[in-house]
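Each protein sequence line maps, in turn, to chains P and F. So for the first sequence, our numbering puts the first residue at 1; every next one is plus one. So for the second sequence, our numbering puts the first residue at 1001; every next one is plus one.
Read the hints as simulated data drawn from the structure, not as lab findings. This one's a predicted model, so the numbers in the text were calculated from it and none came from an experiment. Be aware that one or more of the hints could be misleading.
Here are the simulated lysine-lysine pairs, DSS-like style, with alpha carbons at most 27 Å apart [stated by the list, open to error]:
1. P:Lys108 <-> P:Lys91
2. P:Lys182 <-> F:Lys1021
3. P:Lys91 <-> F:Lys1196
4. P:Lys82 <-> P:Lys32
5. P:Lys32 <-> P:Lys91
6. P:Lys132 <-> F:Lys1021
7. P:Lys131 <-> F:Lys1021
8. P:Lys108 <-> F:Lys1021
9. P:Lys130 <-> F:Lys1021
10. P:Lys108 <-> P:Lys32
11. P:Lys31 <-> P:Lys247
12. P:Lys200 <-> P:Lys182
13. P:Lys82 <-> P:Lys31
14. P:Lys132 <-> P:Lys108
15. P:Lys91 <-> P:Lys31
16. P:Lys82 <-> P:Lys153
17. P:Lys82 <-> P:Lys200
18. P:Lys82 <-> P:Lys132
19. P:Lys130 <-> P:Lys182
20. P:Lys255 <-> P:Lys238
21. F:Lys1056 <-> P:Lys82
Over 10 Å on every C-beta distance to chain F, these chain P residues come out as not near it, computed from the model [what the hints assert, rightly or not]:
22. Glu73
23. Arg100
24. Gly123
25. Asp229
Note that the Cβ used here is the ideal one computed from N, Cα and C, for glycine as well.
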Amino acid sequence: MTEDAARSSATQTPGRPDFLTVRNFDFFYGKKQALFDINMDIPEKRVTAFIGPSGCGKSTLLRNFNRMNELIEGVHYSGDIKLLGQSIYNKEVEVIALRRSIGMVFQKSNPFPKSIYENIVYGLRISGEKKKSVLDEAVERSLRGAALWDEVKDRLHESALGLSGGQMQRLCIARAIANRPKVLLMDEPCSALDPIATVKVEELIHELKQEFTIVIVTHNMQQATRCSDKTAFFYLGKLIEYAETQKIFSNPGQKQTEDYITGRFG
Amino acid sequence: MDNIVTHAPDFFSNSQAEATKAIARSLWNRVLTSVCVALSLLTLVPLVSIIYLVLKNGLPLLSWSVFTQLPPAAGMVGGGFGNAVIGTIVMVGIGLLMSGPLGILSAIYINEYAPASRLAQAVRIVAKLLTGIPSIICGVFAFAIVVSTTGRFSAFAGGVALAVLMLPTILLTSEQALMGVQSAFREASYGLGATKFQTIVRIVLPDALPAIMTGIMLAVARAAGETAPLIFTALFSQFWAKSLSEPTASLSVLIYNFSTVPFPHQIQMAWTASLVLVAFVTLANITAQLVFSKKH
């Protein structure tokens, strides 16, 4: 089955509930333990939100999915994370290939100081793609996918740094989806955006889940209710509760979750 | 009521004492601003007077022929310093060819690959020590390893001396330049599946290039003006150099030689050579700024 065929059939049938799985996962920054025995299944083509107070470990877990934490010295882990049943820590999984299939959007938009076009094709260029037709096609597809095409199609070769904050963040999303990843990780993607730009990104997230499995870290609980299907609440490095978003916010199973979402702490 | 008045802006104060204080503060502010302006102007005095003197004394003899002719013999008039111009360019070029790649690659290693390693720390300390070393020591060093082993003064030996002089500047400014690249760019690149090498070549180096070039220009400017390292290594020559392995003239040594002789023409020519040297360094600086200034 080709990639496209797989994608279209998957949109018709419900996605795998165990697309991305975390098992008995502990994580340490040096001697400090940041995550304690995390177990969760992240479903395919749905949006999973991670909420919790600062320092609760939600970003740490997110950054383990594409092994970005390995860039920090002195980190170690135990347990396992699997994408489609295959361990991301398997020696055969090259971290390069992993990061191509698990894209990431950062808290602060970080377009390269290059043109809009070159930003989008970066992932393709570093994997050796040289054909102009392929690159052009990827630029249009990705920018359309990120709802940015109409705004920038006439200035693809101008610097990406001339875009507005919201446009830059959507450019970063376009750049990530140009790699055709399976999963899209978003680390507080709207925290630096104004309300209008935030709405646009949220609408975009809604569109993107037709095609991608999305995990989003957010401090904004309204955002979690607006755009996620499942929500995981973290506190002090532990996964306290993980359920359908509607359930978490209307009828939380844990007192800590209830205290947090009702604003009693955090 | 009293309370409100003391918290109100001073100029609207009813109290005489408050108003006096406000005037005193404003006066003091003006005095300090004037002092700063005066001192800034004062720093311009030596700079402007050097340029003025070099222009005034150097311009009269400046003509195309100084670039094409050989230095005049003692007591003779006419001539130029074409061989010294070429000698300076060649020796600074050799120095740069050796120190540039070495400095930039070392900076990449100590900043990107192993910033906390002992080797990196050692390199940093040695480079900082080297920046403070008197240039004459670089000359003696190059004399010892090149001149005394090959048995002759040469442009190559001069280039080695200048390379030693330039290396720490290039290394340390390149490291600073690399440190100045936002870590967000590196994260974005790794996040898209780039290797470390790809990230350095495609993202980090292009972004750091303007600052690296500034460091290189600083090193070139300093090396072009150095006399001491060249006296020990390249010596001087009255003739056009035919190879890199013979004594070679340079502008700085020519200025040194000609300014200490009792012949007015030669002294004039030393001024003209100074003018050419200053112009050369300034032009190189401006070009580097224009070509490598950030486009984004």
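Legend entry - Hint numbers contradicted by this structure: 1, 2, 6, 7, 8, 9, 11, 14, 16, 17, 18, 21, 22, 23 and 24
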